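Keeping their order, the protein sequence lines are chains A and B.
Counting in the working numbering, the first sequence runs from 1 upward without gaps.
Counting in the working numbering, the second sequence runs from 1 upward without gaps.
Just so you know, the hints here were simulated from the structure itself, not pulled from any lab data.
Each hint should be verified, as a subset may be incorrect.
What the hints assert, rightly or not - If we take Cβ atoms under 7 Å as the criterion, some of the chain A residues that face chain B in the derived model are: (1) Ser120; (2) Ala147; (3) Ser224.
All of these numbers come straight from a predicted model, not from anything done at the bench.
Every residue, glycine too, gets a C-beta built ideally from N, C-alpha and C.
These are the residues of each chain, in order.
2 protein chains.
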Amino acid sequence: MADRAASASPIVVTTPQELRSLTAGWRRADELVGLVPTMGALHVGHRALIEAARRACDRVVVSIFVNPLQFGPGLDYPSYPQPLEEDLEQLAQLGVDACYHPAVATLYPKGFATRVSVSSGGDLWEAASRPGHLVGVATVVAKLFAATGLCRAYFGEKDAQQVAVVSSLARDLDTGVEVVVCPTVRDPDGLAASSRNQLLSPAGREAALSLSRALIKAGETFASGVVSGAELSRAAAEVVESEPRARLDYAAVVDPVDFQPVEVARSESRVMVAAKVEAVRLIDTALLGSPPQPSG
Amino acid sequence: MADRAASASPIVVTTPQELRSLTAGWRRADELVGLVPTMGALHVGHRALIEAARRACDRVVVSIFVNPLQFGPGLDYPSYPQPLEEDLEQLAQLGVDACYHPAVATLYPKGFATRVSVSSGGDLWEAASRPGHLVGVATVVAKLFAATGLCRAYFGEKDAQQVAVVSSLARDLDTGVEVVVCPTVRDPDGLAASSRNQLLSPAGREAALSLSRALIKAGETFASGVVSGAELSRAAAEVVESEPRARLDYAAVVDPVDFQPVEVARSESRVMVAAKVEAVRLIDTALLGSPPQPSG
Numbered sequence: 001m002a003d004r005a006a007s008a009s010p011i012v013v014t015t016p017q018e019l020r021s022l023t024a025g026w027r028r029a030d031e032l033v034g035l036v037p038t039m040g041a042l043h044v045g046h047r048a049l050i051e052a053a054r055r056a057c058d059r060v061v062v063s064i065f066v067n068p069l070q071f072g073p074g075l076d077y078p079s080y081p082q083p084l085e086e087d088l089e090q091l092a093q094l095g096v097d098a099c100y101h102p103a104v105a106t107l108y109p110k111g112f113a114t115r116v117s118v119s120s121g122g123d124l125w126e127a128a129s130r131p132g133h134l135v136g137v138a139t140v141v142a143k144l145f146a147a148t149g150l151c152r153a154y155f156g157e158k159d160a161q162q163v164a165v166v167s168s169l170a171r172d173l174d175t176g177v178e179v180v181v182c183p184t185v186r187d188p189d190g191l192a193a194s195s196r197n198q199l200l201s202p203a204g205r206e207a208a209l210s211l212s213r214a215l216i217k218a219g220e221t222f223a224s225g226v227v228s229g230a231e232l233s234r235a236a237a238e239v240v241e242s243e244p245r246a247r248l249d250y251a252a253v254v255d256p257v258d259f260q261p262v263e264v265a266r267s268e269s270r271v272m273v274a275a276k277v278e279a280v281r282l283i284d285t286a287l288l289g290s291p292p293q294p295s296g
Numbered sequence: 001m002a003d004r005a006a007s008a009s010p011i012v013v014t015t016p017q018e019l020r021s022l023t024a025g026w027r028r029a030d031e032l033v034g035l036v037p038t039m040g041a042l043h044v045g046h047r048a049l050i051e052a053a054r055r056a057c058d059r060v061v062v063s064i065f066v067n068p069l070q071f072g073p074g075l076d077y078p079s080y081p082q083p084l085e086e087d088l089e090q091l092a093q094l095g096v097d098a099c100y101h102p103a104v105a106t107l108y109p110k111g112f113a114t115r116v117s118v119s120s121g122g123d124l125w126e127a128a129s130r131p132g133h134l135v136g137v138a139t140v141v142a143k144l145f146a147a148t149g150l151c152r153a154y155f156g157e158k159d160a161q162q163v164a165v166v167s168s169l170a171r172d173l174d175t176g177v178e179v180v181v182c183p184t185v186r187d188p189d190g191l192a193a194s195s196r197n198q199l200l201s202p203a204g205r206e207a208a209l210s211l212s213r214a215l216i217k218a219g220e221t222f223a224s225g226v227v228s229g230a231e232l233s234r235a236a237a238e239v240v241e242s243e244p245r246a247r248l249d250y251a252a253v254v255d256p257v258d259f260q261p262v263e264v265a266r267s268e269s270r271v272m273v274a275a276k277v278e279a280v281r282l283i284d285t286a287l288l289g290s291p292p293q294p295s296g
């Protein structure tokens, strides 16, 4: 463990060069570097990732970068919350060593011409609903990995297709980065932690619970003996559709590796659900055999 | 300069992990690493790149990997020459520190799902004639850069669009790699060095001279006062077309940055030519104002 006192402010670096020389110095001292890529607006889910990195690594870097490349045109990029001061305060409390906070023009200078695409997340669900989204994610993560160098990188299970994409590119591009996937963090009532939750009204937040309830319903239906992927998907969909403030995008029971819909579900099949609530797009996911366990 | 005696055999490494720890050790000792990516079948052009790296860097890595991803289906991948023993002998003579020679299954394991694409090479010429070629090049070079880590990487001007792609990805993906472009090496009669030249018969080799002669002709025509890009392209094309053993693919005068055809040529415009001779596909290029200077 590093001797960094919790609540000291993290070093803020804003260019790949600065980040590279910082982490190179740490690696030279045989310190294991942990990386937690975020778009800021840090919540309890991010904190869990950072704490996992803090426990396992000697040094922790948290990147804060709202990546325009992964937002479609007309989507919520301009409205994405960016409370930088509060975020840095949280990083200090969590004992984070460095915050990588580059400007958009630093990561995407004029003439930027490169894209990283990964087919392992499949072409359905988020890939279909948000064209270009996973390419945007893969491209910026390839950049973060290159600038950070050898490290462990922490991602949350909620973005399951993103995790598949990131894991593939970490391996395929010979980055040497070890991807660590952490369980989704939920509020006591089951709502998956998301920076977008803060955009919801109290009534919207209540309606957003239909997503985790859909996962629970699919799990219960499966536990009662139903194995038809179509039937289980329908059970999940109906929960969201019965909520007037929610507009279902998709509900599906898929193979956990290739994200194709399954005919016959197993307990390792993944339930995925996406919906819009008050113009805020929300997603949630769980393995069919391990649905959310709300305490409420 | 490293204290490595010329003609000692290079260390041969076959996995990204081995290469990474080798170069990490060198960087830890503050040694500058030079990388020369090749597909083997080393010729005088490769030797010039290696010598440039040897002069400027403390350590030199030459990769030898015939990259299936950059060959189209049915193209000359299976027949591409692979004289590994002779190549290693040359590397020893040139004082190369390490040879990175991975197996195809190492770089492209089952489930490989990632592609790197770069739009800066344009969508014409090699991009159009060899669909997927530049994506294959970009993907493998991104892997070589990630496994080598911070380095200077040496490429030849002959593959001008490839150089544009590689330079863009080195910058865009925050690799920290400095791309160095070296002039095309030519035989005394003007033929550009290429591993594929050895596949030509003596008569084919004679016909192959039409490519460099086309570049010379364009340069002479420009020097005589012609500035029409179309007219200069036609002058170059006619040289290849008048050679019965050569089948012209394209001859073009283009902008040196975006590779689009120019209406009004300047001395920095690039002439590009591609043709098939005896089923061997050859390319050549030069700036309009700096055509090849054959001594013959």
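Quiz item: When the nearest CB of chain B is found for Ala147 of chain A, is that gap smaller than 7 Å?
Solution: holds, 4 Å
Practice problem: Using 7 Å as the Cβ threshold, decide whether Ser120 of chain A counts as touching chain B. | Solution: holds, 4 Å
Exercise. Let me know if the C-beta of Ser224 of chain A comes in closer than 7 Å to any C-beta of chain B, holds or violated.
Key: violated, 35 Å
Consistency with the previously given hints fails for number 3 only.
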